[in-house]
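Student: Next come the chains, spelled out residue by residue.
2 protein chains.
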Amino acid sequence: MNGAESLVKTLLAGGVDTCFANPGTSEMHFVASLDRHPDMRCVPCLFEGGATGAADGWYRMRGDIAATLLHLGPGLANGLANLHNARKAGSGVLNVVGDHTEWHLAHESPLRGDLEGVSRAVSHWTRVSPDAPSVAPDGAEAIRAARSGNGRIATLVLRAHAAWEDAPGPAPVAPPPAPRRPDPAVVTAAARALRRPGAALMIDGPALHGDLAETAGRVAAKTGCRLIAPFLVSRIARGAGAVRIERERYAVDENVALLADVEHMVLCGAGRPVTFFSYPGKPSLPEPPGATMLDLCAPDMDIGWTLRALADETGATGAEPARMPLDTPAPPAGPMSLEKVGAALAALLPENAIVVDESITASRPLNVPTDTARRADWMYCTGGAIGLGLPCATGAALARPDRKTVALTGDGSAMYTLQSLWTMARENLGVLTIVFANRGYQILRGELANVDVPDYGPNAARMFDV
Amino acid sequence: MNGAESLVKTLLAGGVDTCFANPGTSEMHFVASLDRHPDMRCVPCLFEGGATGAADGWYRMRGDIAATLLHLGPGLANGLANLHNARKAGSGVLNVVGDHTEWHLAHESPLRGDLEGVSRAVSHWTRVSPDAPSVAPDGAEAIRAARSGNGRIATLVLRAHAAWEDAPGPAPVAPPPAPRRPDPAVVTAAARALRRPGAALMIDGPALHGDLAETAGRVAAKTGCRLIAPFLVSRIARGAGAVRIERERYAVDENVALLADVEHMVLCGAGRPVTFFSYPGKPSLPEPPGATMLDLCAPDMDIGWTLRALADETGATGAEPARMPLDTPAPPAGPMSLEKVGAALAALLPENAIVVDESITASRPLNVPTDTARRADWMYCTGGAIGLGLPCATGAALARPDRKTVALTGDGSAMYTLQSLWTMARENLGVLTIVFANRGYQILRGELANVDVPDYGPNAARMFDV
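Sequences listed follow chains S and Z, in order.
The numbering of the first sequence is the working numbering, which starts it at -9 and goes up by one.
The numbering of the second sequence is the working numbering, which starts it at -9 and goes up by one.
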């Protein structure tokens, strides 16, 4: 077999059976080997950002990695913005990027570029596989790297000769290293802090849905602390029956107001709160200046173990979390407005749906009424790089074909990765896409005021009135 | 004035009066300052690749730089593929990329990323302006860097506080360093080589149009050498009256055949010939193994001086270049075919048009008949990263509103940067766009055979039958 086939076999043996692909010439041996491995589902994407965003959506719903197949430096570059979003989501993604042969790279051919530089700008782990016998072991290491630390971006560069020359066979894939756990003394300190007045437990990542959200909710119920999530999260269970979790706000003043009473903050799977942008005269850190901050468990540590230890330490194991009630509005009538779209969504969203929300300036009127809609998993544009919505919905729908997926997207962001509509159709996915076409660069109008530029004239207005 | 305004003033004083912009919050002070500077033409682009590709097209037609305005690391990443094409075209581009304030970067906010790493992967020159007083002098340096070496990629990172804090004023822009010239002894050696049987003068960059193409043509006429250009070039004058310049081929075998008789090759403004991809058992270098290679003038050296010195040395100053004749076909009738579209283009293309050719697999039937169509400037996808066509045509049409621009694009590549159609409409540009919708991933079908995979089954076919 050749190097490419040894990689496909390694992926399959390592539990990676889905590949979002935008291949070119240098990946043809990988593509050719697919015919001998029908158990590898290769999903064509007509733009690289569609592939990387779909791998992100896949991870968010499966909690395990898919691969992407991309074409040289420019191909990886086209997928970079959604890898940025995936990285901020804490999603594991394994990129396989084809490159020229080693001897071809000695010359200045059109597609030659700084592929490793492009990769390092976003990947936690980058390796160039030098020859065919290295491809399988490097692939196994890449899988392990992508699964490490609760999900990382790993990029394997597959040079053309390493793909087409003879290789001995697949390599075994080792499990990722066990994530670090906090010192028990820190758990004890966190439990003590959470019992104080003005305490908040800030959670993120896997703590926002499923069993871990339940555990976090028990801790909050028992200690009386608030349970808060960042504004943009990878995946959060929302709606009737979901554990009540507050979410930070986009606007700095609103976020500062939200956290005004916080005296003690414990971070569990979450980074330190920070505003989206910085503005003249406004803080980057939204919590009150005197608040204590306890970093219990970093996002790449063992969040499950930590939450369970915290529940034990606080005696919360039998507590009942506060939950959201069911309160759906009547389906609205009359002329369309954002509020009515939000009410319609709240009225009609089916139980257990997956919602990818990249509606940006339209987001609030959609999120408020759906707080008490039927329970669903909601996913957000974690890195703020637009163009995530449609690809992420594609990957999520492939990962969970048993559930209905809804993509909410702005018109500007939809255009960034519009090719994902083709993949949805091609793969016959159950995705409902709603495009919020405000026909303007709406967010900038607000942001201009935020940076102390209240008025603008015709030359600046040409940037917003699109 | 603030740092942003000091930059706008520096750009204008330095002769940069056009900015292709996809701004976000961190660039709002730059946008606000536009109202006080109506002589800065800021062209909104709804995708960053549209902005960088337009700046490339602008440079190809003007021979001088435009600016782009982009938003943090993900914004620059979205523009990276077309910056790759610009770099391969030898185009100068000045990117201004907004970033968070220094103190905001201390925290893990959503859009924070390795902006400098993204930039360094494609830029010749990258600088982070640390504070407002540095912005104008750094901007002046950036302009100089972008104009150096016949055109380079320069990226200035403008942190938000450096944009909004007080700055003393604009900075003077120094001319770029004079490009290096070859040693006269090398010119003499080149002249000697070109008089030999089997000699070829390989030219690229500014040598492919205007006065320098005339000079190169005289040298060829006088010495009897062949005049050859790479397959993908930044801009070449083609059609009736243009100097006869052969072009390399995409297919390796055809390219090897084209160069089979070359015994002595002189490179002037051109890199060493290299095939687009490498394939098993085929050479990366297309010239015959025994051919001598003389590197007369690298692409970043003084190509004009060198060609004129070569004309003097060969006594070619008064020679008459071989030129292409006018031979336009009758406008075709009957059912559509690629050949008929090529004939229609050859019949109808107006004198002095600008043609951006990203038609990829459709390219050959369009290029053969237009060899003898009316004279036009043709531009190609120099870096092989698709999505150049529409943005490049946008920038070219803005640079030369007096000429008709035609964009030839594949359906797959058009989707990469489709938002450029909006900019063309918004700016009321005279661009005719022809999309070659073959509804397949056509090039890969051929490439699979090229890499010795003659047959493929249903799982691989899913990648091509799109």
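Source of the hints: derived by calculation from the structure; they are not laboratory data.
Hints are not guaranteed to be accurate.
Pairs involving identical chains hold if they fit within one copy or between any two copies, as the list cannot separate such chains.
Taking lysine to aspartate or glutamate pairs in the EDC-like style, the calculated list, with each CA pair at most 20 Å apart, reads [said to hold, decoys possible]:
1. 272 <-> 243
2. 272 <-> 244
3. 394 <-> 98
4. 394 <-> 292
5. 272 <-> 155
6. 394 <-> 303
7. 272 <-> 156
8. 272 <-> 201
9. 272 <-> 251
10. 272 <-> 25
11. 272 <-> 361
12. 272 <-> 121
13. 330 <-> 442
14. 272 <-> 238
No experiment lies behind these values; they were computed from the predicted model shown.
Student: Decide, hint by hint, whether the structure agrees.
Tutor: A quick look at each hint next to the structure:
1. 272 <-> 243: within (8 Å within a copy, 64 Å between copies)
2. 272 <-> 244: within (12 Å within a copy, 64 Å between copies)
3. 394 <-> 98: neither (48 Å within a copy, 33 Å between copies)
4. 394 <-> 292: For residue 394 and residue 292, neither the intra-copy (30 Å) nor the inter-copy (62 Å) Cα distance is at most 20 Å.
5. 272 <-> 155: The answer is between: 14 Å across copies meets 20 Å, while 58 Å in one copy does not.
6. 394 <-> 303: neither (38 Å within a copy, 75 Å between copies)
7. 272 <-> 156: Classified as between: cross-chain Cα gap 18 Å, same-chain 60 Å, threshold 20 Å.
8. 272 <-> 201: Neither. Shortest intra-copy (37 Å) and inter-copy (57 Å) distances fail the 20 Å Cα cut-off.
9. 272 <-> 251: within (18 Å within a copy, 70 Å between copies)
10. 272 <-> 25: Neither way: residue 272 and residue 25 sit 57 Å apart in one copy and 25 Å across, limit 20 Å.
11. 272 <-> 361: Neither. Shortest intra-copy (29 Å) and inter-copy (62 Å) distances fail the 20 Å Cα cut-off.
12. 272 <-> 121: between (53 Å within a copy, 18 Å between copies)
13. 330 <-> 442: So residue 330 and residue 442 fail the 20 Å test inside a copy (32 Å) and across (58 Å) alike.
14. 272 <-> 238: For residue 272 and residue 238, the Cα distance is within 20 Å only inside one copy (16 Å; across copies 58 Å).
Violation of the numbered hints given earlier is confined to hints 3, 4, 6, 8, 10, 11, 13; the remaining hints are satisfied by the structure.
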